[in-house]
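6 protein chains.
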Amino acid sequence: MTSRADGRDLDQLREVRFTRNWLSQAEGSVLVEYGQTRVLVAASVTEGVPRWRKGSGLGWVTSEYAMLPRATNTRNDRESVKGRIGGRTHEISRLIGRSLRAVIDYKALGENTIVLDCDVLQADGGTRTASITGAYVALADAVAWLRGRDALAGEPLVDSVAAVSVGVVGGTPMLDLCYTEDSAADTDMNIVMSGAGTFIEVQGTAEGAPFDRGVLDELLDLGTAGCTELARLQRAALEASVA
Amino acid sequence: MTSRADGRDLDQLREVRFTRNWLSQAEGSVLVEYGQTRVLVAASVTEGVPRWRKGSGLGWVTSEYAMLPRATNTRNDRESVKGRIGGRTHEISRLIGRSLRAVIDYKALGENTIVLDCDVLQADGGTRTASITGAYVALADAVAWLRGRDALAGEPLVDSVAAVSVGVVGGTPMLDLCYTEDSAADTDMNIVMSGAGTFIEVQGTAEGAPFDRGVLDELLDLGTAGCTELARLQRAALEASVA
Amino acid sequence: MTSRADGRDLDQLREVRFTRNWLSQAEGSVLVEYGQTRVLVAASVTEGVPRWRKGSGLGWVTSEYAMLPRATNTRNDRESVKGRIGGRTHEISRLIGRSLRAVIDYKALGENTIVLDCDVLQADGGTRTASITGAYVALADAVAWLRGRDALAGEPLVDSVAAVSVGVVGGTPMLDLCYTEDSAADTDMNIVMSGAGTFIEVQGTAEGAPFDRGVLDELLDLGTAGCTELARLQRAALEASVA
Amino acid sequence: MTSRADGRDLDQLREVRFTRNWLSQAEGSVLVEYGQTRVLVAASVTEGVPRWRKGSGLGWVTSEYAMLPRATNTRNDRESVKGRIGGRTHEISRLIGRSLRAVIDYKALGENTIVLDCDVLQADGGTRTASITGAYVALADAVAWLRGRDALAGEPLVDSVAAVSVGVVGGTPMLDLCYTEDSAADTDMNIVMSGAGTFIEVQGTAEGAPFDRGVLDELLDLGTAGCTELARLQRAALEASVA
Amino acid sequence: MTSRADGRDLDQLREVRFTRNWLSQAEGSVLVEYGQTRVLVAASVTEGVPRWRKGSGLGWVTSEYAMLPRATNTRNDRESVKGRIGGRTHEISRLIGRSLRAVIDYKALGENTIVLDCDVLQADGGTRTASITGAYVALADAVAWLRGRDALAGEPLVDSVAAVSVGVVGGTPMLDLCYTEDSAADTDMNIVMSGAGTFIEVQGTAEGAPFDRGVLDELLDLGTAGCTELARLQRAALEASVA
Amino acid sequence: MTSRADGRDLDQLREVRFTRNWLSQAEGSVLVEYGQTRVLVAASVTEGVPRWRKGSGLGWVTSEYAMLPRATNTRNDRESVKGRIGGRTHEISRLIGRSLRAVIDYKALGENTIVLDCDVLQADGGTRTASITGAYVALADAVAWLRGRDALAGEPLVDSVAAVSVGVVGGTPMLDLCYTEDSAADTDMNIVMSGAGTFIEVQGTAEGAPFDRGVLDELLDLGTAGCTELARLQRAALEASVA
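Residue numbers (the working numbering), protein chains in the order written: chain D, 1 to 243; chain E, 244 to 486; chain W, 487 to 729; chain R, 730 to 972; chain X, 973 to 1215; chain F, 1216 to 1458.
By construction, these hints were calculated from the structure, which means they are not laboratory data. Virtual Cβ for every residue (Gly too), placed ideally from N, Cα, C. Hints should not be assumed to be uniformly reliable.
What the hints assert, rightly or not - Some but not every residue of chain E turned toward chain W, in silico, with C-beta under 8 Å: (1) Q268; (2) R327; (3) D460.
Claimed, not checked - With a Cα cut of at most 27 Å, we get these calculated DSSO-like pairs of lysine-lysine: (4) K297/E x K82/D; (5) K82/D x K811/R; (6) K783/R x K568/W; (7) K1322/F x K1269/F; (8) K540/W x K325/E; (9) K1026/X x K540/W; (10) K836/R x K783/R; (11) K297/E x K350/E; (12) K1297/F x K1026/X; (13) K811/R x K1026/X; (14) K568/W x K1054/X; (15) K593/W x K540/W; (16) K811/R x K1054/X; (17) K1079/X x K1026/X; (18) K540/W x K811/R; (19) K325/E x K1297/F; (20) K325/E x K82/D.
Go ahead and model the full structure; you've got the sequences and the hints to work with.
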């Protein structure tokens, strides 16, 4: 099996690190790293739900994604300064929220809202997948915080969720693309899976030439293996005691 | 094979209609209908390209998607009145643009820009897939308009592109969901394919429970067949002479 | 009497067509055409009224006007993308709402709101007057829908309303200007009248040289005759049965 | 002839005052008063014209209208704070600009731009007509400023322009409505005329019942007389020497 | 002691004028002038307080500052047109509100809100300090208006407040800088003081070289003397009877 | 001398830490901490200057400040989502930029621009002063980066700059307030000083009762001592070698 610029195998994740409780005031928080990609996720719990959901007995989980202006190689203008949120930001915020909601039992959560803020401090490819994987960890801590206050009506987390990118670079399918690989990819796919190994979201895009079913199958295999490994790392991080 | 509310087979498209040249002033235009879903697509050609592309000798294709306020069952506020474009609109505009660009040879297009405006006049599910399928037809007419003026450096269309939704409703995979089916779907997938039968975009989302690889494969099969049929209908529409 | 580029007499309307129920989900809708000008009007009924009117027992009617980006000969940027509504759009929306409200008995309407969305699909002059004339037809259908549900406290429509443009082109007053005539006009006037032949709105503007009282009188005569004919066509359209 | 709340005759203007050079830094400025209505108009001259007009040899004149938050009886939120300009503001700004441009010879003005800022300091009805009448005075002073610098290619002012409101209150047509009259009017009309007595803009609106041709004629007569008197007052103000 | 361009002594204020009740509809208003700088301040009283303060029994005072586009030597675009309020405007609005709130007894004011709109009609340096000094006068009149209606629970004004700028120009500290002095200043300081001679706000900025403690002390002395004189002028203005 | 909640002396700083090169892609970066307050500062260098400064031979330095939504004890909405930047953000961004520019020799910097992004990851009082102190360190690294590329025309840093808050809490003046102290302060002052011990900015505000000259003097003494210590820590951090 051919190796890559950074020496990784084609089916190998970058080094993944979770630093829980990076923030002292949030109900859950984690600094998640996929190699050089660093995302700070904060889970904020508030009692009550948005107006359209009041009185339903059901909770709500949502997410916002953003990037610091110098997370990238050259500086980008702030969306607050531009006065509008770009399409890419909107798209990723929606994807993260949808992915986390797929493992939530709203009834067990009760009328509580959890907002997951995913702020990319440094970007080196895979910021949306790192955000999802980290958001699950922060969410689990926020749920534990609610449990500690007897504010739950059951177990709101029906499974874990993790995400990874896969892609075809120079004709070769590979796992967890860094920025330079991502820029050169013909096909780019983000895969979000439950801890049980089922699909929550599959988004594949032909950046160059369209791809055939065989390539699609290879990418799904790589992504499935990657998510399985990430789920294991999440469990280990959540089992560790934190300061 | 079980049939559906409107009597269709599970692998059957709704009636698809293309009314070319619906607008008299646009370089290409089509009113595309997937059953009750009606999208007016206008292709606008302008000489020149965005600033970041000037002098490259390469063309550009982009798209904007929007919905009239009463395209849906209850009225939605206008995004122009709200002063901001929603995440869903951004996401779909980006998807359409990306899908069409996948079949463009920028060098052959030369320094020309084609904007594809997809305005949903009536919505009954599948507005983004109808937009893509219709946009290809309008794009082909706009390219023909450029060819008629000797403004091309070759054949800019390397293939056709069509799109369809598939989903799992009540445990059953089916093709081309109307609104009531879409609302009830556990899994929803949009598939964009080239005329050659390769994938340009695959976006599958678990609205309810996550789905396994077997379901994913069934949905890909259904979508592939649907896109093949749509490509045939596009060819027929483009071969017909218009007023 | 001199005839025009398209062969019309100076006091002749373009061909006017009303296609009622163009939309299947709106309480009232019409595709109105003044020659090549095509406006899709949707009347949306909602129970209740804006906050400042609650508990008054009175209804409300309002309107929003917009143009698709390629309704015109060259493409215009979307107002949703620009993030703000232009002065012209505001002005026309206000004019349409005011014109329709002039024939409404709010007490008979009861605490219901009707929004008239006028979206210009294709523009060839007279888009605001076609919008008003069409909006009356859609409004009448929406009122009939309310009547069918016993949701009215009387007859809310005290009269019909229609509108037409008149102008002086090359020194000659004429009725219902198309785009090329409008662009060349020295004086441009929009006239909104009730079915009873009284004025609801008169807006005359000297685009070139100011005009004298004699010209003003001639334009008012032309406009009065045009609105009388439009009122007749509205009645005929509303008496016809629709699919 | 019946008199009014403030003792005026039906065909009588309120006291009109022009305080020229109210600002020390603007090329032209006037505090114009129609009774309690006070508008500060500043004419700002800049060399050059907007991009779309460059190289044409023609000048440009435009206007912006706004109201201080406490110009009215109760405070209104600032449009800068709301982040958007309302329809009424847009509409009036456009009307003022159009009215002044009707008396401009762009060629004589040369490639200079004059912006007329009309800021309502206190509002008691007729703010748009006072703005137009005052703007002409400020414009004349700005043109004189340009003439003093030999920056003109001829006489840019082909005539003067003045405006006044007329309306039907309690069944009686009257001139120059103050706020309480305006609020009670069934019909409200703004008339903009040249010094030569021809019409530049006529905008009549039925606030209550539609009006017939006879009423329209009476209002036009009243407005014509009012504008004639205003033109006389403008001339007197411009002939006076100022500090 | 060296004198200045306009002949003033270094520790001398420009001519300060207060024209109370400049507006007929506001509960308090003043046209305040510091030489050529003219600010129109309107105090608007409304019953009730913002939501976050309801039921507290406490009142609220806030302020908004803005400049007319041609208050300055060259025209500035309107913030309403730009669609956003600039940092400088925000900063000054906040400063004025904070300064006035420092002399308010909220309990005595009761659940009433007073908004102080400070609109700069002409700017020649010191617009923020003139705004604060004038705002106190308008506020005092608005409080008197409330007292006249028995709407107070005590005396809401615990002291007066006045403000002045000081700066170092060409190495020399001086009081109340006009625009040309302000532009040339190395150090610029705004001082807000109570009538009792204590500090409410001190804002000193090194525009050129940083300044030492000795200069800071000199500026504080000059500003203290200036504010004492302004407090005397405020008392005189408020004791005078007005039309 | 009385001690505080966290055991500090009245004239003692919290623990101050600088982690240089926290970002791998920025030309300069530092994670600066004042106790629990954590600000990530990135210095971005770009060749060239804003348009209004082109061809002058002079450089430019500017700053943007922002806070992550969950930097605080309860979550705040994002300014990008609200579509506008608040007054506090504007005010602090301007203060930071002004403070850093006070120690820059623009000629030596040449036509280069350095943007200092200060993003508060966690807030516990003093975020603006920590931002300034950290921004100097990131700026120094960015200047070193430019020097390493021979892109400077001299030494652009004429001095260092550091900032600290002081305040009166419960009648006692103290240095470097944490959030709970800041909330309880009667007087709050931010002091920005050069390494040479001169003042760049002094901003004192009476949150409660106005303060007298004696208190002002005490606060200036405390702040001067704090800035001297911070300048020493900056030097130490910049002299240390980094990974």
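Open item on the list: K836/R and K783/R were given as a pair; does the straight-line alpha-carbon distance stay at or below 27 Å?
Closed with: At roughly 13 Å apart (the allowed maximum being 27 Å), K783/R and K836/R satisfy the hint.
Open item on the list: Need the status of pair K1079/X, K1026/X: alpha-carbon distance at most 27 Å?
Closed with: 13 Å, holds
TODO: Decide if the proposed pair is consistent with the structure: K540/W and K811/R, CA atoms, cutoff 27 Å inclusive.
DONE: The given pair, whose Cα atoms are some 24 Å apart, holds under the 27 Å limit.
TODO: Quickly compare the C-alpha distance for K783/R and K568/W to 27 Å and report which way the hint goes.
DONE: It holds: about 24 Å lies between the C-alpha atoms, which stays within 27 Å.
TODO: For the pair we were handed, K1297/F and K1026/X, check the Cα-Cα distance against 27 Å.
DONE: 24 Å, holds
TODO: Take a quick look at whether K325/E and K82/D sit within 27 Å of each other, Cα to Cα.
DONE: 17 Å, holds
Open item on the list: Checking one constraint from the list: CA of K1026/X to CA of K540/W, max 27 Å. Satisfied?
Closed with: 23 Å, holds
Open item on the list: Need the status of pair K811/R, K1026/X: alpha-carbon distance at most 27 Å?
Closed with: It holds: about 23 Å lies between the C-alpha atoms, which stays within 27 Å.
Task: Restraint check for K297/E with K350/E, where alpha carbons must lie at most 27 Å apart - done: Satisfied, since the Cα-Cα distance of roughly 13 Å is no more than 27 Å.
Task: Interface hint outcome for Q268/E [beta carbon to chain W under 8 Å] - done: 5 Å, holds
Task: Pairwise hint evaluation, K1269/F against K1322/F, where the allowed Cα distance is 27 Å at most - done: 13 Å, holds
Open item on the list: Given R327/E as an interface hint, is its Cβ closer than 8 Å to any Cβ of chain W?
Closed with: 6 Å, holds
Violated hints amount to a single one, hint 3; each of the other numbered hints is respected by the structure.
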